[in-house]
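Residue numbers (my numbering), protein chains in the order written: chain W, 19 to 540; chain X, 644 to 827.
Hints in this document: simulated from the structure, not taken from any laboratory.
Among the hints, a few may not be true.
Some chain W residues judged to face chain X by a derived CB distance under 7 Å, without partners named [said to hold, decoys possible]: (1) N70; (2) N176; (3) R254; (4) K333; (5) Y395; (6) S418; (7) K421.
Every residue gets a Cβ at the ideal spot worked out from N, C-alpha and C, and that includes glycine.
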Amino acid sequence: MATTFNQNDDSVVVIIGSGAGGGTLGNELAQKGINVVVLEAGERHEYDDFVNDEWASFTQLAWKDPRTTSGSWRVSKDFPTLPAWIVKAVGGSTTHWAGASLRFQDHEFKTATVYGRIPGANLLDWPVTLAELEPYYARAEEKMGVTRTGGRPGLPGNNNFKIMKAGADKLGYKECHTGNMAINSVERDNRNSCQQTGFCFQGCKWGAKWSTLYTEIPKGEATGKMEVRPQSQVARIEHDASGKVTGVIYFDKDGREQRQKARVVAIAGNSIESPRLLLNSASSKFPDGLANSSGQVGRNYMRHMTGSVYAIFDKPVHMYRGTTMAGIIRDEGRHDPGRGFVGGYEMETLSLGLPFIVAFLNPGAWGREFTSAIDLYSNMAGMWLVGEDMPQETNRITLSNVKDQYGLPVADVHFDDHPNDIAMRSHAYKQGAAIYDAVGATRTFPTPPYPSTHNLGTNRMSANPRDGVVNKWGQTHDIKNLFVSDGSQFTSGGAENPTLTIVTLAIRQAEYIADQMKMKAI
Amino acid sequence: MSSDHGRHANQERAVSRRTFLRRSSEISFAAAVTITAGGAVLNAAEAWALDVKALQPQTMKTLILVARDIYPHDKVPDRYYAIAMKSYDEKAASDPATKAQIESFIAGLDAAAGKGGYAGLGWESERVALLRAVGTSPFFETIRSGLLVSLYNQQEVWPIFGYEGESYSKGGYIKRGFDDVDWI
Chain W
19 MATTFNQNDD SVVVIIGSGA GGGTLGNELA QKGINVVVLE AGERHEYDDF
69 VNDEWASFTQ LAWKDPRTTS GSWRVSKDFP TLPAWIVKAV GGSTTHWAGA
119 SLRFQDHEFK TATVYGRIPG ANLLDWPVTL AELEPYYARA EEKMGVTRTG
169 GRPGLPGNNN FKIMKAGADK LGYKECHTGN MAINSVERDN RNSCQQTGFC
219 FQGCKWGAKW STLYTEIPKG EATGKMEVRP QSQVARIEHD ASGKVTGVIY
269 FDKDGREQRQ KARVVAIAGN SIESPRLLLN SASSKFPDGL ANSSGQVGRN
319 YMRHMTGSVY AIFDKPVHMY RGTTMAGIIR DEGRHDPGRG FVGGYEMETL
369 SLGLPFIVAF LNPGAWGREF TSAIDLYSNM AGMWLVGEDM PQETNRITLS
419 NVKDQYGLPV ADVHFDDHPN DIAMRSHAYK QGAAIYDAVG ATRTFPTPPY
469 PSTHNLGTNR MSANPRDGVV NKWGQTHDIK NLFVSDGSQF TSGGAENPTL
519 TIVTLAIRQA EYIADQMKMK AI
Chain X
644 MSSDHGRHAN QERAVSRRTF LRRSSEISFA AAVTITAGGA VLNAAEAWAL
694 DVKALQPQTM KTLILVARDI YPHDKVPDRY YAIAMKSYDE KAASDPATKA
744 QIESFIAGLD AAAGKGGYAG LGWESERVAL LRAVGTSPFF ETIRSGLLVS
794 LYNQQEVWPI FGYEGESYSK GGYIKRGFDD VDWI
């Protein structure tokens, strides 16, 4: 029987969210002997409950509670109530992620310095450097079993990768391989190796892909120091007269209001829910929301420059067989303003099953231009383009007029592409198509962005409290015992998939929280 | 149709005994699709019939053709388009406003098509031109976006596109061709 903690126990650390940030932080603290209560809005589905069916899995795992959108981004037009494709379940979006685990590059921590002044961009250097994070990156890679790090072998390449690699070679790209993936290439950590099943986005039924659901969480629970409470939707964070946080109010599975007292609160609900919670926690002492003296809570929302290129060949590919993200080209990840934009982008194979390719290939399209592409689904290859987007103050999470099932204002996600994002996407589409054309594609498709999976930056780190929400430890500038532990801490987005960096920051943050607690500073 | 009542009635009975389509999961249009005296949409060649409860049978017949014109796949039989559109009859049965909206949408297409109506236009391009003209209407968008799930999420159509679906129970593709491309 797992440990349970009393709701009036004000000695516990309360973590909101059980994904890459929250799940990792919880286990790390528990391993240090600190009592932790993880409140997770979603249900607990163990990995054998996952389903190899795109819509059924979406229904099982995705965050489907209402959200609203605004701004000129195409997602707002195509998917007005679904700004993000992320998860509401124990394990958070680590159940859904593809597994790409790339370290940020040195310059990506110093964008204001390296990129200079970019009109409309709210660039800021991180208060941490790559050098400071390297030991923690290594620990994260070890924890997650990242391939091609620590002597671990790479995964074998599937058909989708073989097409990409042949095209990359023709174009003269130098760094193309099957990725640094948090997917077991060999049995490890009491988990299976990858069986090339596909359906990585639907939750790995083999447990071969790292997810907090079946790594950090059970390990934390095994210490007797960590309780995960599913179906617990946090409504607001409470504080005392001094401004210190004292606990949280949440709705349990039956919709009843509950209070969990806390010594420390860490928010890891992702870059949409975390700022929403801070804003919904406004009080007479903090009328603009908690930790918002800078006015930056919810601002600088980033979602990565994204897009996809799909291509049709005259022979079969069966891109859906095997790992969804089966390979990468890193050559365009560099910062080279000679291409007409700052920052860089990664090219990563990606496949969608038939139900999702029709929804995402070109939303809104119909007629034979569209269906003749689908008719050749089995001859299709695909890649995802993911690059650094510019932080903009006006891209932000605000409270919507729409309310959720608990009567709480939902998040509105406002986004406009920056001209740099558009220039980068245009370059990436051209290169993606060139890769496939080089190996005989008969048609290529510049597929627009999907609902966001990489949500970043809305509670950003800053050296100066005027410029951001949290310090280099993810501790809010305004409230010492309130932390942010997810991708909303990111000062800038980098070109790389963010999970590895979220886990890295959580490992480091756990050390800081434990030290601060020991010193009675919090 | 009137001179063929007896024959259609017989066909309907024969079809009913075999594969009368009751649920969307069980539930194909072309010259083979006719409307029976009993008000069902019948495809004798594919041996299925769709019992229409609330909509005019001709409306359902046209609606199925509209579905194919929106997402035309020549290898996909009519039955899957019929399954995809069956829910509109169910919605029409429970909601008079929906029923009126569907009838009016199809009546509009028929009026725009002139004599013989929408289904009487012989070329897909002629019909598609009419759909483009109404392509921004909310009801067209409801039909189009609904088809993405109601048509393409039928597991029975996946093999037509070469999509193999669930793979975990077969041990994934590690021994079943994940890297079998040999032409590159």
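Structure-based check of each hint:
1. N70: 4 Å, holds
2. N176: 5 Å, holds
3. R254: Since the shortest Cβ distance to chain X is 36 Å, the answer is violated.
4. K333: With a closest approach of 5 Å, the W:K333 hint holds.
5. Y395: 4 Å, holds
6. S418: 22 Å, violated
7. K421: 25 Å, violated
The earlier numbered hints that this structure contradicts are 3, 6, 7.
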